[in-house]
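Undergrad: The residues making up each chain are set out below.
There are 4 protein chains.
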Amino acid sequence: MNFGSDNQSGASNKVLQALVEANKGPSAGYGNDEWTVRAEEKLKQVFECELKAYFVTSGTAANCLALSCMANPWDMILCHAHAHIINDELTAPELFTGGARVQGLDENVSKLSSDGLGLFLESFEGHPPHTPMPKVLSLSQLTESGQVYELDELQVLCRKAKEYGMTVHMDGARFANALVSLDCTPAEMTWQAGVDVLCLGASKNGALAAEAVIFFDTTLVHDFEFRRKRSGHLLSKGRYLGAQFLAWLDQDHWLMLAKQANDFARKIATAINSSEKATLAWPVCGNEVFVLMDEALIDALRVQGAIFYEWPMRFLSEGQLLSGPNAFILVRLVVSHSTPVIEVNNLVCLIETT
Amino acid sequence: MNFGSDNQSGASNKVLQALVEANKGPSAGYGNDEWTVRAEEKLKQVFECELKAYFVTSGTAANCLALSCMANPWDMILCHAHAHIINDELTAPELFTGGARVQGLDENVSKLSSDGLGLFLESFEGHPPHTPMPKVLSLSQLTESGQVYELDELQVLCRKAKEYGMTVHMDGARFANALVSLDCTPAEMTWQAGVDVLCLGASKNGALAAEAVIFFDTTLVHDFEFRRKRSGHLLSKGRYLGAQFLAWLDQDHWLMLAKQANDFARKIATAINSSEKATLAWPVCGNEVFVLMDEALIDALRVQGAIFYEWPMRFLSEGQLLSGPNAFILVRLVVSHSTPVIEVNNLVCLIETT
Amino acid sequence: MNFGSDNQSGASNKVLQALVEANKGPSAGYGNDEWTVRAEEKLKQVFECELKAYFVTSGTAANCLALSCMANPWDMILCHAHAHIINDELTAPELFTGGARVQGLDENVSKLSSDGLGLFLESFEGHPPHTPMPKVLSLSQLTESGQVYELDELQVLCRKAKEYGMTVHMDGARFANALVSLDCTPAEMTWQAGVDVLCLGASKNGALAAEAVIFFDTTLVHDFEFRRKRSGHLLSKGRYLGAQFLAWLDQDHWLMLAKQANDFARKIATAINSSEKATLAWPVCGNEVFVLMDEALIDALRVQGAIFYEWPMRFLSEGQLLSGPNAFILVRLVVSHSTPVIEVNNLVCLIETT
Amino acid sequence: MNFGSDNQSGASNKVLQALVEANKGPSAGYGNDEWTVRAEEKLKQVFECELKAYFVTSGTAANCLALSCMANPWDMILCHAHAHIINDELTAPELFTGGARVQGLDENVSKLSSDGLGLFLESFEGHPPHTPMPKVLSLSQLTESGQVYELDELQVLCRKAKEYGMTVHMDGARFANALVSLDCTPAEMTWQAGVDVLCLGASKNGALAAEAVIFFDTTLVHDFEFRRKRSGHLLSKGRYLGAQFLAWLDQDHWLMLAKQANDFARKIATAINSSEKATLAWPVCGNEVFVLMDEALIDALRVQGAIFYEWPMRFLSEGQLLSGPNAFILVRLVVSHSTPVIEVNNLVCLIETT
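Protein chains in written order, with this note's numbering: chain U, -12 to 341; chain H, -12 to 341; chain X, -12 to 341; chain P, -12 to 341.
Next comes chain U alone, as it looks inside the complex (with noise of 0.2 Å):
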């Protein structure tokens, strides 16, 4: 019963198959093979819009890349204070863009807010040279806690950091799972919202490394080929970065596979909100379940052989912390792709019963 991470999810076949179909035969190296160029084609058709995409292999990669085009190593990106650039991909921010600022905001609550936006901004009053000031937003969707931003929260946040110059970057992970969620289009949820660079994410959703960098807005394209191919980036068999992306959004089969991830999480949501010895750290909006649970449950569980971790208590806003019963421990349980419904079953019947 794995609940670790759906970064440690296998590939789906579908993908899996379409690496293998792709390896026959040679074919042109650095991306400019006809997988390459097709999976570009196709992300226009499911972005209704156009755009410019590069693939690479990581989404540490995507989101630095994207960072390093759209801010200067004076300037300063603002996120929130939970976000995955922030707080798990090291100094890689500060590498690719040459040592622009990362800057946390909103740690109290689970996504950023409109207001802690705006108050930021309002009160900065930055003095340049000597001040970094800030250039880019950065949303995560789904966020680090697995919350959806709605349509209206994005378009809020997209336009208030455009009054205030800066271009909006979304880190999409698990793009698929916010996008089952609000059931939206891909373009409602990016660039009709305000979106200008997003990183879609398709490792952690049926593909085995593969991430792309889409340009809504081309114009903050330029550089992003010599930029790729400095960090070392540019595979020389690009096809298989390719292959994967139009098996994945071949017949809504992204979609598809989230809608499965999305469906079992709420499933054992409803078991924790049933049972006495956990409780929903917050609403479970697309596969990750994050709880605050009985040391008593977390060890049942354990010995049954499910696999999760625990999750940084500072997360918790300060009424979490003051309302909650002490021995509680936050964890998080996330269902990817292929995680069996037996094993969904298994947990819900475990915390029903423990």
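These aren't lab readings, by the way, just hints derived from the structure by calculation. Some hints here could point you the wrong way.
Put simply, identical chains are the same to the list, so a pair is met inside one copy or across any two.
Unchecked claim - Straight-line Cα separation of at most 30 Å, DSS-like style, residue types lysine-lysine; simulated pairs:
| # | residue 1 | residue 2 |
| --- | --- | --- |
| 1 | Lys11 | Lys1 |
| 2 | Lys147 | Lys264 |
| 3 | Lys149 | Lys29 |
| 4 | Lys11 | Lys29 |
| 5 | Lys11 | Lys254 |
| 6 | Lys11 | Lys246 |
| 7 | Lys11 | Lys31 |
| 8 | Lys254 | Lys39 |
| 9 | Lys264 | Lys254 |
Chains H, X and P: place on chain U using the hints.
TA: Relative to the frame of chain U, chains H, X and P by itself:
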């Protein structure tokens, strides 16, 4: 009546005369001159210990060169949220360290508290290599709000940092003002309290442009000369830096300059305390007076030729914001070594009579 | 007939099958999986020594991560003037090392000579901290001109480097081809000759995208995990890298793939030698054939569907430029593990009959 | 008798007096003072054009800040193989530019030839984004061998650079000496010949520590203030830089200082030409005399107290190495603005009589 900043003052006559003296004849370049050698020796006497000292022209260079010897490009540097290195040195810390993260703490108080530091470190729960980990604590003495760390506060902060394997940097842009304020020895305020590297600023207190990076822990020093050279801070005519420091340290000149500035600042504080149109934002510990001031008083002072700057309201605590009258604005009045007594008296008189 | 580059080939069936096998079920992320662990163990057997190995997806990442562990930002890296790191990895060496200098030597010959290296080092006369000093020697085996360093050449070059306090890096993008060519052991061609860090490339010879950074001198290793993470090269699903290497190294698969490519290259070389319209630029030591070719022959081959690229004439020595007929153009023909025998025969036939 | 380097000289009395004058009273910080403004205006007169000028304390800072505005982190900067930026500024160009490549050309001659530059550019054949491409040409006037580019040489080199889309930087550490030597106007030697950015050095010729970065092409300027600040080169007390430049440029003071140094250097050259124990390595064009000198003469001069340094033999051409007597050693004799005439006469006398 210039109370804008102590870096708007000139050099003291003694320092200037030393520069003229040092100008005679040729001397060895790149810091291999006798003035530089003697200035380092003088610092050993002043700090009563072995040390290694290097001289540069700006505080940003001094601080960031020091930090680059202490933090790897993937480490985290902790400081008070109002610190100069995080607010007023652009992204110089990132450039010099190759991309280390600077994290501000305790934004609601005027200096870093041991509780604030302790709480952060205890709850941090990073997981290398994904998370940048705290490696350096940087303390400003005086702080950006003109506050002084008492010796026991310094000791507790340094001890806490070292518990977590960190080294301690002190930004001493106004070191002399703090020293006079505490009436202790340079040794007590630095290495005896646990400071490993001090940036001792002379520019704000009597020199033209001279800062010393002083390594008490000389194991941290080995790369300094390479770092200084490649950042363009190895002056060919090093004698001018050494000469400034020699004169400045000679016969307690630096302390007398600081003492006069501090005394004048206290005079102004007394006037503020007696006024109904102004209130001290924080106690006056050195040569800076932070005041919540009625707009009418601000205007009146400026009409009479007083120069001073507003200070970001975000540096106030929530308590201060709530309790203060709404019309009050935060301003900073700085006294330098060369502020004429008549200007201080005029200002005091204006405050008392407006 | 694709003789464009070995990085235009697909993966071998065995490697691909291993990938499919490794896909089943969940596994630990970020290189903590069993495939990664076993691949490192396998490398210890292959190289007959203790070592530390890390896996990444691109040769540029492998080379530059390795170099970043070996050179400070103010050091100089020496390599042959035709080396991949100086000509084909943009400024990745500078990005990863934080700004070290890459210096090419011996541009008039097809591999670095001990005389060329010795002369440079003896006459260098740098004066730190003003001059970047040689710290790392990087050797490519095969070289960019398809040449191989004999074991005694490697030994002499490494010894010379170490006399001057340098460590030795080997870019082994075509390591297997060189190994088959020399008919020696992996140990003899690396650490026994004096190589400290090897980048072992599988991508050009049977893998999808898999390169190993192998530290024989494990004292150089300590920062690698931080450097890999912050450059975005720590894959969440590390098993796919480990699985590729395990299959590739299993039962001399890698050597058999290389042997076939080398054999085919020699067949082509024989045909060139018998033609009046072409002449070998350099001896054929591995899977690359560099040819000075009559424009008419080039056209004829291309009309028949042969794909291959011109190579910069500046890589020829002055002697070659003077003695060759003016109309000759330098081209590179590369054979890969998956080049069909029929295509080799067709090419040979065309060369012989045109 | 100090002929070690012109950077071992002090400041001229006029410059020093200006510094003392500028010290009086407070002034605006960070280059917003009147001296800085007036110095820029003065430069517009001197160069007879619109321009933007910034002042810093070291030549390395000036050169590398300028280059960082001209080259992206993936571009190549071309210069003569003996240039200061490639031999004597450590890896500062890499730090400031974020990792651009510096490529030296024409190592066998004492200044860059248009043939050398042309041949390199024509045969370069890079393929972006794999290869760093030439973007900036950096010329030193005087060169590191004390040679001067004639106006027509400058024009041809700049034209060639611009054919290839490059901009042109001039390292003018000894600009005044070159100007006096050519007897032309500052405009003729810079923007009229095609120079886009000039680093005008005063430190070696009468100032304490003052260098100007002058943008004739002001479209290159926009990031300069951020770059200067984050490298620690924005002095708080900018007036001291402006004041030095104002005095130095006033009433041709800079040219008179340079003229005297050049005249003295020619006197020494004449003595060398009459000696059998020494021979000029290159013609004397400015204030530097490069001499192949018999070891006995070297010893004799040093016994009499002459200070001067050996220079790397690798800077000699093969022809010079072959034709010269083996026992000869390459030394550099530098005259500064403050070298006393009696010391020049003594040296001349010693050379003539030894």
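Undergrad: State for each hint whether it applies.
TA: Hints versus structure:
no., hint, verdict
1, Lys11 - Lys1, "both (17 Å within a copy, 13 Å between copies)"
2, Lys147 - Lys264, "neither (41 Å within a copy, 36 Å between copies)"
3, Lys149 - Lys29, "within (29 Å within a copy, 41 Å between copies)"
4, Lys11 - Lys29, "both (22 Å within a copy, 28 Å between copies)"
5, Lys11 - Lys254, "between (42 Å within a copy, 24 Å between copies)"
6, Lys11 - Lys246, "between (32 Å within a copy, 21 Å between copies)"
7, Lys11 - Lys31, "within (26 Å within a copy, 32 Å between copies)"
8, Lys254 - Lys39, "neither (38 Å within a copy, 44 Å between copies)"
9, Lys264 - Lys254, "within (17 Å within a copy, 63 Å between copies)"
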